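Colleague: Each chain, letter by letter, is given below.
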Amino acid sequence: MVGQYNRQERWLRNKWRLMRRDKFLLLMFLPVMAHYVIFSYLPMYGVTLAFKDYSISKGIMGSPWVGFEHFVEFFQSIYVGRLLRNTLTINLVGLFIGFPIPILFAVALNEIPANPFRKFVQTVSYFPNFISTVILVSLLTTFSNPSNGLFTQLARSLGYEGKYLLSEPALFKFFYIVSGIWQSFGWNSIMYLSAITSIDPSIYEAAIIDGATRRQRALHITLPGIQNTIVLLLLLNTGGMFSIGPEKVMLMYSPALFEVADVISTYVYRAGIESAKFSFSTAVGLFNSFANFLLLVIANRTARKFIGASLW
Amino acid sequence: MFKRETTSDKIFLSFLFVVLMCAGFITFYPFFYVICVSLSDPVVFFKEGISFFPRSISLDGYEAVFFGNAIWRTLKNTAIITLGGTSLALLLTSMGGYVISRKRLVFRNFFIILTLIPMYFSGGMIPSYLLILDLNLYNTFWALIIPGAVSTYYIVLARSYYDSLPKELEESAWIDGANDIYIFVKIMLPLAKPILAVLLLYYAVGFWNTYLPAVMYLIDASKHPIQVYLANIIINNSMAEGVAGLARDAQHQVAVSHQIKYTLIIVGIAPIIMVYPFIQKYLVKGMMLGSLKG
Numbered sequence: 049m050v051g052q053y054n055r056q057e058r059w060l061r062n063k064w065r066l067m068r069r070d071k072f073l074l075l076m077f078l079p080v081m082a083h084y085v086i087f088s089y090l091p092m093y094g095v096t097l098a099f100k101d102y103s104i105s106k107g108i109m110g111s112p113w114v115g116f117e118h119f120v121e122f123f124q125s126i127y128v129g130r131l132l133r134n135t136l137t138i139n140l141v142g143l144f145i146g147f148p149i150p151i152l153f154a155v156a157l158n159e160i161p162a163n164p165f166r167k168f169v170q171t172v173s174y175f176p177n178f179i180s181t182v183i184l185v186s187l188l189t190t191f192s193n194p195s196n197g198l199f200t201q202l203a204r205s206l207g208y209e210g211k212y213l214l215s216e217p218a219l220f221k222f223f224y225i226v227s228g229i230w231q232s233f234g235w236n237s238i239m240y241l242s243a244i245t246s247i248d249p250s251i252y253e254a255a256i257i258d259g260a261t262r263r264q265r266a267l268h269i270t271l272p273g274i275q276n277t278i279v280l281l282l283l284l285n286t287g288g289m290f291s292i293g294p295e296k297v298m299l300m301y302s303p304a305l306f307e308v309a310d311v312i313s314t315y316v317y318r319a320g321i322e323s324a325k326f327s328f329s330t331a332v333g334l335f336n337s338f339a340n341f342l343l344l345v346i347a348n349r350t351a352r353k354f355i356g357a358s359l360w
Numbered sequence: 049m050f051k052r053e054t055t056s057d058k059i060f061l062s063f064l065f066v067v068l069m070c071a072g073f074i075t076f077y078p079f080f081y082v083i084c085v086s087l088s089d090p091v092v093f094f095k096e097g098i099s100f101f102p103r104s105i106s107l108d109g110y111e112a113v114f115f116g117n118a119i120w121r122t123l124k125n126t127a128i129i130t131l132g133g134t135s136l137a138l139l140l141t142s143m144g145g146y147v148i149s150r151k152r153l154v155f156r157n158f159f160i161i162l163t164l165i166p167m168y169f170s171g172g173m174i175p176s177y178l179l180i181l182d183l184n185l186y187n188t189f190w191a192l193i194i195p196g197a198v199s200t201y202y203i204v205l206a207r208s209y210y211d212s213l214p215k216e217l218e219e220s221a222w223i224d225g226a227n228d229i230y231i232f233v234k235i236m237l238p239l240a241k242p243i244l245a246v247l248l249l250y251y252a253v254g255f256w257n258t259y260l261p262a263v264m265y266l267i268d269a270s271k272h273p274i275q276v277y278l279a280n281i282i283i284n285n286s287m288a289e290g291v292a293g294l295a296r297d298a299q300h301q302v303a304v305s306h307q308i309k310y311t312l313i314i315v316g317i318a319p320i321i322m323v324y325p326f327i328q329k330y331l332v333k334g335m336m337l338g339s340l341k342g
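Going down the list, the protein sequences come from chains S and L. Per my numbering, numbering through the first sequence is continuous, rising by one, with the last residue being 360. Per my numbering, numbering through the second sequence is continuous, rising by one, with the last residue being 342.
Chain L extracted, bound-state conformation:
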């Protein structure tokens, strides 16, 4: 296409370029900074600070984070919640989305409305809390896993996906005498890998990030998942085990207790950072699927 860039165009483009650079910088730098701090020598960082790269590299921070039992117990709890929750959620959401996508389903409109109403109106925090108490789920992991296992938004996503599959698949299987469970498990699920990948990522991130329900329902500190552990140390200033355990002297202890917060942030986002470049396109795809409805 024949097009001359006028001066006005060049100025505008440069302006936009600067805007994008700023956007990229402010979303990139905080994480880069925290990673560098976590790899710094604690005492050096405490005395001099850093701007970009660590002044002297040291793994003291990570040694302190992983010292002692608390962090491992916490990670184990988080793994249970995340894996358990995601599996349950995937099962329920993909089944629910599939069933609703079948246009012939008896009482289909009723079910659709059933799933839609809670998106706009809910009982609220207190009735849900009392329900968990009444169900004897208080102080159990189930209180974190079960309520979050079904989300109408994701059921709608799954349903849109199943709608996009050809009708002939179901029809020919039906003619061949297959029942709905067989069709779902043997035909639909294998084809649903893209949407299952998207759902898996969304749910997994959601469960990994759980904080408030954990604070509300888990009384034993030994059951705390990672976000609660992080919040206690970083925001509420309680002491991490590794700080006292590894301290060489008073100054070192102060420096480590200061730096460990940065290191813990990295631990809190490490799984997401590591898989992020690979899964980013799935996350975006999920977003686009969801926006098609609007």
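For reference, chain S alone in the conformation it holds in the complex:
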């Protein structure tokens, strides 16, 4: 009797049975699955455009293959240097300055007993995280106004003689990075704060008995106590080195600033959406995604090796 059905058939019959049992679950998941297939996976197929010479009349499938032609064109273009430079500089400097700040903020918050002042500072510091990019850049723009802006007044008192702070090439990356830190340091500190609360309080008590000052406790207990979280987040952030979204840069830059402000994603936007060079821009975008993906995988492997934790 058993010999009648081979293993494959049994596996299939079992799956059918389970599918019938779970039919409503599968039904409920259908729209979600459709969404993923259409909006996440179909574009992945569209990535093949990067290797073709796309013509709208022929569609994706009908367009001829050209291999790595677009990638060669990109790496030989005069823009590649500044794109890579801007993308990596902004991310690296931003990481260098911006990474410690939420940590220090969390440690500082932790030392203060829970009182209205601390609650106020926390609440207020989380808020910038929820304003849109447009509002953030609007704040920068209005504060840099040549006549009345807050920043302009401050800069003038320090000797600035130019007109419009935001159009100074030397300051673009500064504004971009610092405004980003301002927006996210409060919200990012939550992760560290919750890690701090999981440190064993008896270590602190023992240290106090041994005469450790607050400063010593913060440096030698709190910080090492959350080092796993710190390392994990550091690795994750490093994995995003090639990743800058176009929105904020687009709102802040102008052709005069391209040399310091143009990043890979904004170049993709202009080449693709504005100039309709679909194949070429897809290739550049693919390069970007791929570099990102590679870095993330490396970051994850490293995280798993060093602290046994990872993203997934």
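The set of hints was computed from the structure by calculation and includes no laboratory data. Fair warning: this is a prediction, and the values are worked out from it, not measured in the lab. It is possible that part of the hints are untrue.
[Unchecked claim] If you want the footprint, here are the derived chain L segments under chain S, 3+ residues with CB under 8 Å:
(1) 73-79
(2) 163-171
(3) 220-233
[To be verified] Here are the simulated DSSO-like cross-link-like pairs (lysine-lysine), alpha carbons at most 27 Å apart as the crow flies:
(4) S:Lys71 / L:Lys234
(5) S:Lys167 / L:Lys234
(6) S:Lys167 / L:Lys241
(7) L:Lys215 / S:Lys63
(8) S:Lys71 / L:Lys58
(9) S:Lys167 / L:Lys58
(10) L:Lys151 / S:Lys71
Don't be surprised by glycine CBs; every beta carbon is placed ideally from N, CA and C.
Mind docking chain L on chain S? Use the hints.
Modeller: Same frame as chain S, now just chain L:
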């Protein structure tokens, strides 16, 4: 606990106190300043500026912002996008998270991987753009609503939440003969209010803040949501209707066109400011739920 604060402790604490004061100030003052400017008399502000409180209070700014049709149309568009998007997103995300949380689900691992891969690799801007064109969603609100309605990160959040509910709920209902849809709607959803609140807030803020997709896909200016409207006036310096419409004289017009940018910023964040003190704890809770995975 017996503890003496040494001088070193006091200095350290004062230093930290100053640090926190600075942190609180720099995140609070910009918004406070903009609110005060928006409530100032435009001409007075233009001539003299303010430091903290308005020199003379006036609602001219708000009158100018709400003058004319453009702002109302814009708000209507934004409401459609935000409400439509959030509802769709809540439905899909809570259903998706629930289904995946059921450990007995056939092909469960496949579905999990299906949702995980797009977090690390995506087709990119251009293929997504071409897809919207091909689907005939160009220049429609759907182009803004549908793609943003499912986010793996939030599905994982929902799934963690459903995992934390007791297994007996489903088991006893199953024994009583209920099917999965009944269990989800009548038992799980009512219990999911905390996570639904968190998801609602995250998605709503996200849709309210939409900018780039609107610029890419909505060609008609009459369809622009609020962020595009704000960006055009504040960053790209186009003229708001109320500036010309309400101007008393040339000087007044210049002052109003200057001040209206501040007032518009307030309009852009007004909903978030108003609900923020009440919902803050939900937003934080959502963040903690998400960080548990790491």
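Colleague: So, for every hint listed, does it hold in this structure?
Modeller: Hints, one by one, checked against the model:
With 5 residues having a Cβ less than 8 Å from any Cβ of chain S, the region 73-79 of chain L passes the three-residue criterion, so the hint holds. Judged by the Cβ-Cβ criterion of 8 Å, the region 163-171 of chain L is covered by chain S as claimed, because 8 of its residues qualify and three suffice. Beta-carbon proximity to chain S at under 8 Å applies to 4 residues in the region 220-233 of chain L; the threshold of 3 is reached and the given coverage holds. Between Lys71 (chain S) and Lys234 (chain L), the direct Cα distance comes to roughly 18 Å. Compliance with the 27 Å bound is thereby established for this hinted pair.
A distance of roughly 38 Å separates the Cα atoms of Lys167 (chain S) and Lys234 (chain L); the hinted pair therefore is violated under the 27 Å criterion. Taken as a hint, the Lys167 (chain S) and Lys241 (chain L) pair is honoured in the structure, with Cα atoms around 25 Å apart against an allowance of 27 Å. Distance hint between Lys215 (chain L) and Lys63 (chain S) is fulfilled; the C-alpha atoms sit about 23 Å from each other, no more than 27 Å. Restraint check: the Cα-Cα separation between Lys71 (chain S) and Lys58 (chain L) comes to about 65 Å, which exceeds 27 Å; the hinted pair is violated.
With a C-alpha separation of about 21 Å, the suggested pairing of Lys167 (chain S) with Lys58 (chain L) holds against the 27 Å cut-off. Note on Lys151 (chain L) and Lys71 (chain S): the hinted pairing holds, with a Cα-Cα distance of about 15 Å set against a maximum of 27 Å.
Of the numbered hints stated above, those contradicted by the structure are hints 5, 8, listed in ascending order.
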